[in-house]
Amino acid sequence: MRRVRIKDEALEQRMFFQRVLLASAVVALIAIALLSRAFWLQVVQHAHYVELSQGNRARIEPLPPNRGVIYDRAGRVIAENTPAYQLELTREQAGDLDETLSRLVRFGLLEPGEVGRVRQLVNSRRTFEAVPFLLQLDDEEVARYAVHRHELNGVLLETRMARHYPYGRVGAHALGYVGTISEQDLSRVDRERYFGTGVIGKTGIESAYEGDLLGTGGYREVLVNAEGRPARLAEGSDPQLKTREPQAGRDLRMTIDIELQRVAEEAFAGRRGGVVAIDPSNGDVLVFASMPSFDPNGFARGISRSDYIALTENPDQPLFNRVLRGTYPPGSTIKPLMALAGLENGVIRPEDVTNCGGSYSLPGSRHRYREPRRGGTHGPVDMRRAVMKSCDVYFYRLANTLGIDRIHDSMARMGFGEPTGIDIAGERGGIMPSPAWKKTVFKAREQQVWFPGETVIVGIGQGYWTATLLQLAKATALLAMRGQPYQPRLVRALVDPETGAVEEKKPRPLPRIELKDPANWEIIVDAMVAVTTGGTAAAAARGASYSIAGKTGTAQVFSVGQTEKYNEKEVAERLRDHALFVAFAPAESPKLAVAVLVENGGFGSSAAAPIARAIFDAYLVGAPPP
Amino acid sequence: MIYGEIGGSRTKRTVTGMARVLRALHLDGMLLSGLVAVTLFGLFVLWSAAGDNTSLWFSQVARVGIGFSLLALLSLVPDRFLRMLSPVAYLLGLVLLVIVALAGDIGKGAQRWLDLGVIRFQPSEIMKLAVPMMCAWYLHQRPLPPALRDVGAVLLIILLPVALIAEQPDLGTALLVAASGLIVLVMSGLSPVYIFGGVAILGAAVPVGWHFMHEYQRQRVLTLLDPQSDALGAGYHIIQSQIAIGSGGVFGKGWMNGTQAQLEFLPERSTDFIFAVIGEELGLLGLIALLVGYLFIVGRGMAMALQCRDAFSRLLAGSIALTFFVYAFVNAGMVMGLLPVVGVPLPLVSYGGTSFVTLMAGFGILMALHSSRKLVK
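Sequence order for the protein chains is C and H. So the first sequence is numbered by the numbering used here: it starts at 1 and just counts up by one. So the second sequence is numbered by the numbering used here: it starts at 627 and just counts up by one.
Some clues are possibly wrong.
[To be verified] Here are some chain H residues the structure puts well away from chain C; computed CB gaps all over 12 Å:
1. Thr642
2. Gly655
3. Ser685
4. Phe707
[What the hints assert, rightly or not] Under 7 Å between C-beta atoms, here's a sample of chain H residues computed to sit facing chain C:
5. Pro769
6. Gly874
7. Gly875
8. Met882
9. Leu911
10. Arg935
11. Phe955
12. Leu964
13. Val968
14. Gly969
Treat the hints as calculated values from the structure; they're not laboratory data. Glycine included, every Cβ here is placed at the ideal spot set by N, Cα and C.
Whenever a hint applies, use it, and build me the whole structure from the sequences.
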């Protein structure tokens, strides 16, 4: 039976009255709690807080952590911390900030173009925080500061650990650099972690492993007087100041061999380009060179505006990471992979012969796809000879037989068209073209159609196909390993400098490529060995005490007309073809896979292959380059 | 005995000229003087806290003017009309919150403001009043103490806007809005069994809530437990405000003489942390004065609630008075290191427009509810 309830005004009023009494009691209790707390702070703990505040204020001073040291694979230090003088500015102590900044300019301690940036930086930091604005002063700058010190309120000369790269420009594109933290950087990081730290990793390994290298900042409460300068207390008083020690960042062991890197960079002899050398058995990148390079110490020191502009406006683009971000037509270097695709799809046998008459035409078309070399006719060629002599006609025909879909699928399996996943940011993936790709890239209906002629030139690594040096090196390593690819990597291990604990990073194997007939690997490798014994790279490999499996290539920068003859010497240097060479050695038990590109270097055989040879010699034999 | 006061004969006898004016305006003299006193005290402190920034002080004076005008205006509204308005205000607020939530998705990050071109305001401010109004409206026509079903309905009324506000994310306002609604429920005579049961469930829900909190919100709780663990970050506020209050002592360092405040050691000194400025410059005595002012306002507010003529008015008036005290407690507790750092201004004192105006609107409503009782006769 349900009791029907009705409103009872008198009962409700009584009840409300009770609740008001209850609420009053709670309010009174809370008021007592607040007063007790105020009493505790202001009467009981009064002396303690007065000490911290009045006369001598507690200020929190950062203890920046030591940034992790970076070693190459042999344990050589390639990025370290060295003591250096730096100038720091505290806004609250400067008085007139603009006046202080203009004095710094007058005394030659700040470039006029830098004033705006420094002002912005100082204003964005916390109250009473000393902001480093000029890192790694040289002796002359220190002397100038010493002379004018009394005119520079709020500017202090401090000794701090600063980043130094002992090998300078060698390996700079892999290593990257640290630079002064910008307002932009601060907006995307946890500001608190950078309290007292003047620099942040900007590119390369320094940026990719920033979280590991940085460490954890500590702090120390210091007593400061009204001007914010450190002060002392009378004997015997205990201000109970707290300290937290900083924890250094983790050290990195890179896969780079800095001496091998130096050999590679010197082999470029001032030309532009890039080279990657990978240990095919685990993906370790031993050489990662983008030429020309730059000196990362300039950035660590706090690069001036004019120096930075000089770098960015240099026509050779030293800051451009050609290995990571340069996409080039792979040219003939992919012919071994094309041959492999032909074998795997069963459209061709190694012994099948094509007659090379110097040009190839699609059935029913009069357009002639030509051999690039003067008098380039190879006569009857089988697969081995086609790779060895880099016969275009053979591969035009093969590509047409395979069709673009099968080519695309085979090459995508080898990693073309997508980034290799190396452990630094900004990598580009190049383009592995296909009819589907064309549909997404072109808007106009008539441009979306895939033409057979486009398949033909993909057969020699031209047309829409672009690849990075990392992709070429990875694919070469895959051939060397007979189908087992690894993700390229630049860091092998992380080491905690305090405990010595080592975190080894395991090699990252990618899905193995299984062939219907594993014997096909050896057919391709054999053809690549023939390239360096009697083929296009024979000159560069002459006298080597080990066997090299390689393939030359040239990537067209501009196209040759139908009836013109291509004359290397007459073409302006910037329009000359890029020279490419991919190789691994020793062919039977590979230890190193290399991909080289020399921009506008002409032919791969003469410009690129000797660089690979120098690297192989230094790594496998230990001999200095010839 | 309660009716005796409402009876009118006594009131008439003591009517003076001033009181007659106030009555005609439906204003409560005692509450009004309490509010004016605390507001003047706040402006006095703000002048010091604002430092060189005098324009900040003058703009607060302008808001005080707006706030008191709104109070005077709202006090004239009949209680019947307020009651009818409750569901409308609530639904409108809910719609605006949803709009803000959707716009916020586009804008990324915390989105609390609604830009109407001419004025910008936070829909969550509406909810500070609309939620207790809605709760009181729902409960006033039902038998009290509320049955379980009605308790559930009221909890739902509270939860909808609170969830939307917490998602913005604005945990401080969400908690205050929740408090204003829950106070209505408790004042309606909610059985102690439910109250203690609810507290127990809340206690059990802490680990779950922890899971759903934003990282910065967790950090604030952790920081409260050990400010030194994050002396550079969130702990900085608490450490500096405690130094300010503690060093103020009984008598304070003197108006405009607080070193913590004037040398900018103290963050947010004219807004959320102005309580520390009072503690540093005016000392324990200043804090006691402020607290007495607050207690007077709350006490008078509850006395007025007792005199209201129906359940809606009683519950709403009681909630407005007690929520005001919750604001004060949350802010003071935060600044003194008793509660986590949540962005709640010190009522009537902190610089900031919406907060002051909303409070005054609340007290206007309180006076309107109270003055309507005279029409009973």
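Hints, one by one, checked against the model:
1. Distance check on Thr642 of chain H: its Cβ is at least 28 Å (rounded) from any Cβ of chain C, clearing the 12 Å threshold; non-interface status holds.
2. Taking the minimum C-beta to C-beta distance to chain C, about 21 Å, the non-interface status of Gly655 of chain H holds against the 12 Å cut.
3. Even its closest Cβ contact with chain C, about 23 Å, leaves Ser685 of chain H beyond 12 Å, as expected for a residue assigned away from the interface.
4. For Phe707 of chain H, the shortest C-beta to C-beta distance to chain C comes to about 22 Å, beyond the 12 Å cut-off, and the non-interface label holds.
5. A distance limit of 7 Å between C-beta atoms decides the matter here; for Pro769 of chain H the minimum to chain C is near 4 Å, and the interface restraint holds.
6. Restraint check, Gly874 of chain H versus chain C: the minimum CB separation of about 6 Å is within 7 Å; hint holds.
7. For Gly875 of chain H, the interface hint holds, the least distance from its beta-carbon to any beta-carbon of chain C being 5 Å, beneath 7 Å.
8. Given the 7 Å rule on beta carbons, the hint for Met882 of chain H is violated: about 15 Å separates it from the nearest Cβ of chain C.
9. A cut of 7 Å between beta carbons decides the hint on Leu911 of chain H: the least distance to chain C is about 10 Å, and the hint is violated.
10. Using the Cβ-Cβ criterion of 7 Å, the hint placing Arg935 of chain H at the interface with chain C is not satisfied: the shortest such distance is roughly 10 Å.
11. Because the smallest distance between the Cβ of Phe955 of chain H and any Cβ of chain C comes to about 5 Å, under 7 Å, the interface hint for this residue holds.
12. With its C-beta approaching chain C no nearer than about 6 Å, Leu964 of chain H sits inside the 7 Å limit, and its interface hint holds.
13. Evaluation of the Val968 of chain H hint against chain C yields a violated restraint, the C-beta minimum of about 16 Å exceeding 7 Å.
14. About 19 Å separates the beta-carbon of Gly969 of chain H from the nearest beta-carbon of chain C, more than 7 Å, and the hint is not met.
Of the numbered hints given earlier, the model fails hints 8, 9, 10, 13 and 14; all others are met.
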